[in-house]
Structure formats: structure tokens, C-alpha cells
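**Q** Residue strings, one per chain:
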Amino acid sequence: MTRLKLDKITQYIAAQRPGYSLAQAFYKDVDVYQAEIEQIFLKHWLYAGHASQIPLAGDYFTFDFDSESVIIVRTISGDVKAHMNVCRHRGSKICLEPSGSQKSLTCPYHAWNYNLDGQLISARNMPDDFDRSQNGLHKVNVALLHGLIFVCLSKEPPSLSALQNELDEVFDLFGFNNMKLAEKKSYRIPANWKLAVENYQECYHCAPSHPEFAQIHAMAKPPKVFQMAKSNFAQANQGQPKFKQLNRYFDLAAAGQEGYQYDRNPLLRNALSGSVGGKRAAPLLGSIQEYDGGASELMIGPLSYFLIYDDHMLGYRFLPNSVDECICDVSWYVNESAVQGKDYQLEQLTWLWDVTTQADKKIIMNNQKGVDSRYYQPGRLSEMEHFQQSFLTWYLKTLDQQT
Amino acid sequence: MTRLKLDKITQYIAAQRPGYSLAQAFYKDVDVYQAEIEQIFLKHWLYAGHASQIPLAGDYFTFDFDSESVIIVRTISGDVKAHMNVCRHRGSKICLEPSGSQKSLTCPYHAWNYNLDGQLISARNMPDDFDRSQNGLHKVNVALLHGLIFVCLSKEPPSLSALQNELDEVFDLFGFNNMKLAEKKSYRIPANWKLAVENYQECYHCAPSHPEFAQIHAMAKPPKVFQMAKSNFAQANQGQPKFKQLNRYFDLAAAGQEGYQYDRNPLLRNALSGSVGGKRAAPLLGSIQEYDGGASELMIGPLSYFLIYDDHMLGYRFLPNSVDECICDVSWYVNESAVQGKDYQLEQLTWLWDVTTQADKKIIMNNQKGVDSRYYQPGRLSEMEHFQQSFLTWYLKTLDQQT
Amino acid sequence: MTRLKLDKITQYIAAQRPGYSLAQAFYKDVDVYQAEIEQIFLKHWLYAGHASQIPLAGDYFTFDFDSESVIIVRTISGDVKAHMNVCRHRGSKICLEPSGSQKSLTCPYHAWNYNLDGQLISARNMPDDFDRSQNGLHKVNVALLHGLIFVCLSKEPPSLSALQNELDEVFDLFGFNNMKLAEKKSYRIPANWKLAVENYQECYHCAPSHPEFAQIHAMAKPPKVFQMAKSNFAQANQGQPKFKQLNRYFDLAAAGQEGYQYDRNPLLRNALSGSVGGKRAAPLLGSIQEYDGGASELMIGPLSYFLIYDDHMLGYRFLPNSVDECICDVSWYVNESAVQGKDYQLEQLTWLWDVTTQADKKIIMNNQKGVDSRYYQPGRLSEMEHFQQSFLTWYLKTLDQQT
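Residue numbers (this note's numbering), protein chains in the order written: chain G, 1048 to 1450; chain X, 1048 to 1450; chain B, 1048 to 1450.
Hints are not guaranteed to be accurate.
To be verified - List time: in silico DSSO-like cross-link candidates among lysine-lysine, alpha-carbon distance up to 30 Å:
| no. | chain 1 | residue 1 | chain 2 | residue 2 |
| --- | --- | --- | --- | --- |
| 1 | X | Lys-1055 | G | Lys-1409 |
| 2 | X | Lys-1186 | G | Lys-1075 |
| 3 | G | Lys-1052 | X | Lys-1055 |
| 4 | X | Lys-1202 | G | Lys-1075 |
| 5 | B | Lys-1090 | X | Lys-1075 |
| 6 | B | Lys-1075 | G | Lys-1052 |
Note that these hints are calculated values from the structure, not bench results.
Looking at chain G on its own, in the form it has when it is part of the complex (with noise of 0.2 Å):
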């Protein structure tokens, strides 16, 4: 990025107003966009899927945002590996399927073949001096947390060690490792990715915009009463793991450590899960004995959001297309020996978020609509976006650092 452009965001971030929503040029400004994609895409922790996705060896799935395809692969050893999507002879994307299983990686444009580690095995016809060891596919750091895949692309990746220390406990309690995908939806949303972050960090919004959300979460109602509903329950369940609170989100993350946040909430009116009427929706996850009548929010790297109900969790992800588009990916969790149709029925698991993500939706793409005018100036955020308000001060400091 030329100096001129850097001098440019330097002078937006310098002219932002603590409290107040960021100015239109954050949504719109192409080299933005550019800088967001080299300072926190590239450099922070993905959340890409789950290795259940990938039980044999070949089994893979394709990571896709902006123009970066990767793929994550089981390999014969049995690992997950993580290879950007890119031949090194003359470019071709390799894998075409968003998932399969292949005993190797061959490119579909010359045939060069990789091995599930990504080291090139065959090259017809090169020339004498051409080296197949310096021409494997481009390596991808990848983590697993319990089952959970995350990928950096960065060659310097954020530690986990902080999260996985704290969040130990807390994975093994759901039985993250034996999770399995039930469904997953993705949701293309015409409108800068920020917008869609912002509005998954705040529920400001979700008494006038979400009745359905509303008549299940505490979250939803007025501050004091949810307050007053989250302090009760926390004391009832004083001292038990599943109500850890972490707070090392954002801007509170210690230095070098991916940031993340654990939190457990009441719900509403006796319900015990997020489906139709707050009905059980599967069986129970992990080692979790009964209905606490909660959910847990987890958040793990700036981009990635999880939510615990006692009986499923959801993984949220948000990506960008382009500086007008993103994608949001909701993935639905049930307990690895849940059977659907008997255990759980894919309707009433994905109800309350796949609604809940089709309201979000056109609500983004309005508050796209009106960042986009001329008039619209920064606002003064509420007291119920004080999360959203922690994530901007994070996201402004992130994209300076490039001066």
C-alpha cells in the first residue's frame, strides 16, 4: 500500500470520535478494505470448520474469503492441514468442490501433483534445474481447539495459549471434541462486513428487530432487568465452570495472545434451549448433566462467535467478498452420537437462528443504505453497545498499525 493511501486511512482513524459509529469512509473506502484484509484477515485467527468434517485421510473442505481459497485437508498421518488453494506452476485453483476426499491434490489445469502435506510430488516436463522442493503448496497455520479448526494465514500467528489455558475447561465440558455439524447455512449479505460484525455484537437491536430472539433471551430486555436476571442466575450457579467469565476480548487481550471472551446468560420463561417454545432441540452436549436454563457466548479471535445451549452450539463466522459484500456462515453443532430425525429435528434446530440471520440481513443492508449518503454522520452509541464499542477501538488500533 502506497504512502498516500496509508497517510489517508491515518488521517480517517485520527478524525474518529471515541463513542460515536465510524465514518462512511470505513464502509466504502476501497484501500480500507485493502488494509482490513492485510491487518486482521491475514493475521488473525479463522474460524473454518470442524474436524468432524474430515474424518479419513483425503477428506478436505474448502476455506473461502475475498479472493483466498484454502484447503483444509485430513492427512495420511491423520493430522489437519491447511494449504492455500493456489498451483505453484501457473496459478489454477486445485480443489473446485467446496468439500471431497482425494488421495492426493492434483491441479485439473496441468496435473501437478501434491501430496496431502502439500509437497509437490510430480511436475511433467520441467526443465532440468527445476526444484520440486521449493514448489509445494503455500502452508497455512492451522489450530485445533477440541475439534474446532482455525486457520491464520500469517506467517506470525497470535498465541493461543492464553485462550486455550482459560477455555480448557470449558470445551471439554461440551464435549467440543465430539461435536459433529448438523446444517450450515450461509447468508450473503450485501453490505460491508463491519456492519454484519457490529450488528452480531450488540443486542441493542434485538427487542425491536428479533421477537423471536426475544421471547427466549434475558439478553434482549432493558439493561437493568437483564442485569438483574444474569446476577440471579449467575449466584445459583456460583463456582460450577460453564459460568467462567473471560473477559480478554478486543482491546483487553494481553499482548501477542489471540483475543477472546466466555460469558453465560440467562434465558427466558423456563426455556432450555434456542428452538420453538425454548424446547430441548437435541441431546445433551459433553458431560452436561441437565438444563441450566442458559447460554454461553464464546468468542474466539475478532471474527469468530460461538453460542453454547446446553443441548447444541452454533458457530458464527463472518467474511468478507468484497468492500460491498460479506458472507455469514451459521453452523449448527449437535452432540457426535445425536441421531437426526430421532434425536433432533433439523427444523426446530435451526429455527430461532435462521430467522433471527434473515432479520440481520435486511437490517444490514439498510444500515448499508444509509452509510451510504452523504448525510450520514457518526452517531452516539448506546449503553447497549458497549461490546460493539470495545470492537471498534480494537478494529482502529489494528488498522493503524501499519504506520
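Add chains X and B to chain G, keeping to what the hints say.
**A** This is chains X and B only, laid out in the frame that chain G set:
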């Protein structure tokens, strides 16, 4: 806009020869387009609609161009007011439908609530020092010209006093205050807005391109034939207010005044109105007592054109979506007492200008395709393109005011 | 193009290593694309069609790429002429249909009328000092090579004398003057045009990607096997004009001369032609007396490729729409005396190259996707990509002529 971009535009303007069509850059350069939005569309009066579209308190419609959206609403006190359709919180669009009726204006995102005058009435959970009085919707100037609603997004709009003085009698005569919208059609044209406006401004193309129009309007005839017919028509009706000639358009407007034009032209072959066979299309307008075999041209501001037959009136406007796409909106108005199906048939009423505008859309698209060529060069204008030449002179001067 | 942009392109060129595929910028930077249009597409001879498409005076077809459109027309005197499809008045496209027949060329907008030679004949209502003789259509150079129509938009086209001298005998032998267009298909490819051209230039991908082609053409074999077959084939037919080898392509062209290439290669398994099972596809071309089991490659200028079987000929051309989209047009020609349905079946005739070009389209799209990645880096070319390497050398040099 940066100095570099301003200088570039100034150079384009300096290179432009009078009497010739515009150079390619004026139709393709996005910086020119941004300058046009700023200098023309945000500074001049734009025709938005008619008061009859919002008879009751709370009735509203939106008026959109480029990335801007304006809410035009009837207030409790019966006034017509206009507000930017952008929430002062995080910028969401507020009115999502093109028209409707609301007791107050509530943002669908976080439920910030504004009254019909645009004042912020309630915003939940805001910090103690938040000042609602400073967070009303951005105001847009409104002018009501005998029922016609014009808006101007600038804080210092040009004066309408001259045109109001001179046109008052005409508005009265045709009963602009007592019209109603009979039909509205939108034509999306993949071309720069100026190609659409220029097309409307000259009848050099009418004979070859619009056989339907050429059957009814003398204006499609060669200049000498037309001038003879016009002169006879004016003489036969001398002194009548319908036959005023007001030439205050573009570069002929007085300083600080919005430009306008009014003129009456003859129809052909005893045609009475702009309809199939030139037949009556609806009950006579206002205080018109009989058909005179003519039609009036009216321009208010640089972008709004009206065509007044004795029994109906058309409103034309050209609005840009982007540098290479515009919308032509055509509205048909009739006497407010006229009953559809009984006093007028929509098909008969709209036929001539629907078929003509569809033909124009094709013409304009093909014009854009040719202008896109590196081999296009500005061509000499004909004698029948004098009105367009006046527009171009004004356009170049207006665009240059930035320096 | 500004100095800044020229410098940028020069830097790209300087950074390019010989023997490697192009850097990403060459496939994505719009300034590179503009330079390519100026230096390559507007300066070289482009294959537009065949004289048999416009047998009679007034017959025309259009030839389009990027934002340019050329009218190719048979004049009263029987010549083939070409004009820019842009009216000299306000720039409208004149011929709107891809082909047709007109007594003269009348602009559909304001009816300016040009004769078939491009001279402006009439323009109504123009000022007295308007000079029609200065307002003819912009001329485009035309070359007729035994019926093949080439155009060059530059005023100083490269010479065709060398290729005409050397190829005359070949054109005669295959009766290029006595062919007719049997079928034409257009393949729209969402990729940079060079990825499509490079794909055509190498057969390294034929074996893995084109099983149908590999059944018929020896060229898909490994280099040693192919060279052996080719050598035997040439020896058996020594001295025949069909077996000329002309290597004047790209950097091998003489100064001021347009480049070209001619060569004949063997088919496999007694195949006679490029059709299902290698069977005869149509009556023999020109003065060909019998099938020899081969096919000729012919290149004329950098962007036009022909494949000549004994009984039909294919014309290939690659034209850009924009930096990220191109068109591959394939034309099938047969002996002009052949009767469709009787002497040849379209499906049989077009099968091989339709299925092959559809496969190529997918390959090229996937190549673009990988090249778009920030992790793409130019890769080493194989020994089977020498022709492409020659193209790249020429391409880089041609692009650099701007400085």
C-alpha cells in the same frame, strides 16, 4: 474532491468547444460524476412529486437518487416536510418502503423514534449527556408550487421567486393544485444521465425515431415548417396566459434564481391531446374551457420537465444511479375529479409517452455505446439542438464553479 | 496514460522473470489492461471474419471488443471496407444488429446518412459552415487474405507482405477464398484475455484436460513421442507445401512485419479429421485431393489462430470485454460447395472443439481464481509451454514500447 481531480475537470471544461457535443470524459469519468452530484443534484431544486400523493398526516413517499434517499411527509399541522432518510444513530435507512403512512418515523434498527417534523422523540439507553435536540433528522428544503413538490438538499437553495411570479397564472390556469397522479412509470437506462437529459432537450431526433410523436406534435417537423405553424398558432391565441413565452432557462436565469422555461406549441391534424389518434384523453384541467390544439412545455430547474396538454399533464425527471446508469421517471396527472375507467383509460392516457420513452431508452443506450469508443469525438450540433446547447453552456459553467 | 501509470507498468515488466508465468498485476491492473488495448489490440491485425459472410453490396457485420465496434461492409464497387461504428454527430452506434444488409448507413438517432464507403451524404439542419466532407465515418484498415478479413484500427498497421508471400501457397491449397462459414460459437469467459490466449498456446494441459482432443491429436502426447510422430509424418510428406514450417511468430517476426506461424502436425490412430472418431467431417477443402492424417496450425498476428483439417477449417480469436472478461469466438469453415445436412452435419463438425472449448472455459476461470490470490506467485513454465513463453517475451516488449 482533491485539487488534482478539480484540475482535471477544469482541463476537460477548457478543452470543450462550443457548438459541439461533450467529450467522452464527461460521460465516463467518475470524478466528473461526483462533481455533478455536488454542484448540480445537491444544489438545485428537484421535482419529487405532488401533494396529492400524501393527503393525510403521516402519509409519506421517498425520493431517491445516487446514494441519497429523502422522506417527504405530511405533518400533523398539514405541512409537507422533507428529511434525509438516514437515522442519526448508526445511519440505517428509516422508511424502507417507497410510500406509506406512519404516525411517527421509527428506525427499524434500534427503534429511535422521530416525529413527523423530524425531531428525535425517544432513544433508549443513551448516555446521560446525550442531547436529543441535536439529533433530529437532517432537514431538506421543500417548495410547494401549486401542489408540485420540489426538494433541494442544499442549505442555500436558489430562489424560486422569479418563476413563481411569472408562472403563477399558468399554474392556476391548468389547476396544478387540483391534479392527481394517475400513473407513474420508471425507465432504468444503462447510460449517463446527461445522455438522457440531452435526448429530452432536442427534437432533432423526433422525426426519425418517434413516428407516434411525429403524428401528433408539430415540433417534429423541420424548423421552418414548425416555426410557421407555431407562429400561426400563437397569433390566433394572442394575449392568452397559456401562450406566454418564458425563457429563463439555464444560462438565461437571473443570478441567484432557479431557471425555468414555458412555451406552448401546436399539435398536428386537429389533435386535441397526446393520446392515440390525438383524441381527448381525460377531463379538461383546471379552468381550461376548451381544447386549443396545443401543448405546453414547462421546465422548472435544470432537471424537471413538464408537458401540459389541455386534459392531462406529464412530469419528467432524470435521476442518476451512478456514472453509467440513470432513471427516467414519468408521471401522468389528471384533474383530481376525474374517475379512472370512466373519465379516462390508463392505456389511452399513457400510450404516447410510454412508447416514446421506451424508444428513447434504446436510443440513449446506443448513444452511450458509441460515446464509449476511443474513436468517438464531439460532433457539431445542429440548429435543432439549440436548447441542448444552452444546457451544455450552463452545465460546463456550473461544473466549473468548484475552482 | 499518465507518467505515474507508465512507470508502474515499466516496473512490473522489469520485475518479470523469464521462464515464469506473469505476475498477478498483469492479469488484474486496469492500467495494464488499458495499455494492452492501446499497444496490442489497436495496433495489430485482428481476424474479423470471412468475405463469404457479406457477398452482396450493403451486406455488413460488426466486429466488437472492449468498448469498440467496427462495421465491416461490402461496398457498391464490391470492396470490403471497415468503419468505426460511431456516428460523427453525437456518437451513437449506427449498426445495432450484429449483421444485416443496408443500402446506406443511417444513424438511428438523428438520421445522419453515410454511404457504404463511409462518406457523410446527408445531415439535416446543420449550420451553413458545416463541412460534410470532414465528417465521414472513421476509417479502419482492412486486409483480405484469400477471403479472411482482418482489420487494424491503427493508422500505421504492421506490414502483411511477408506472411502473404510465404502463406500464399497454403491459402491457395486449402482454398481459403472458397470457404464458407458453417457455424460460429461465442464463449464468454470471466477471466483476463491472456489466460485464455495462453491456454490456447500450450498443449501441456491437453492430456489431463482434453480426453477428446487427446484421442485424435498427437500433440497431446509427451514431447518425445510427439516429436517422433511429427518427424515421421513430415518425412513421409517431404516437400509438399502443406508441410511448410514457418516460424515468424511473436519475437521471431521481422521488424515492421506482422507475426505468423504455420506448421502441420499428425493425427492419431488413422484419424482423418477433428470430429467424432476422427472420421471425415465434410468435403475436402480447396485443391486437397486426399486426407493425409494431419492438421495445420496457422497463426496470423498475435491474436488469431486457425486450425486446418483437410476437410474443414477453424478460426479462433480472443477478444477482451474488460480486464476480467474475454470472449473466445470459434468459427467453423467448410468448402463453399458443401451442403449442410447432406455433405456435413453441424453436430459432427463442431463437436470436438465445442467440447474442448467448454472445458477450456472452466480451466481458464479456475486459473483466474487462483491468480487472484495474494499467495499466487509466478511459476516455472514447462518445456511444453515454449510457444507461450515466446508470446510472453513479445507481450512484455510490446507493452513496454510506451516509454
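**Q** Are the hints correct? Go through all of them and say.
**A** Results for each hint:
1. Proximity of X:Lys-1055 to G:Lys-1409 is assessed by CA-CA distance (about 40 Å); at most 30 Å being required, the pair is judged violated.
2. Between X:Lys-1186 and G:Lys-1075, the direct Cα distance comes to roughly 24 Å. Compliance with the 30 Å bound is thereby established for this hinted pair.
3. At most 30 Å may separate the alpha-carbon atoms for a hinted pair to count; G:Lys-1052 and X:Lys-1055 meet this at roughly 20 Å.
4. This hinted pair checks out: X:Lys-1202 and G:Lys-1075 have alpha carbons roughly 25 Å apart, not beyond 30 Å.
5. Taking the CA atoms of B:Lys-1090 and X:Lys-1075, the gap is near 24 Å; set against the 30 Å cutoff, the hint holds.
6. For the given pair, B:Lys-1075 sits about 19 Å from G:Lys-1052 by alpha-carbon distance, which is consistent with the 30 Å threshold.
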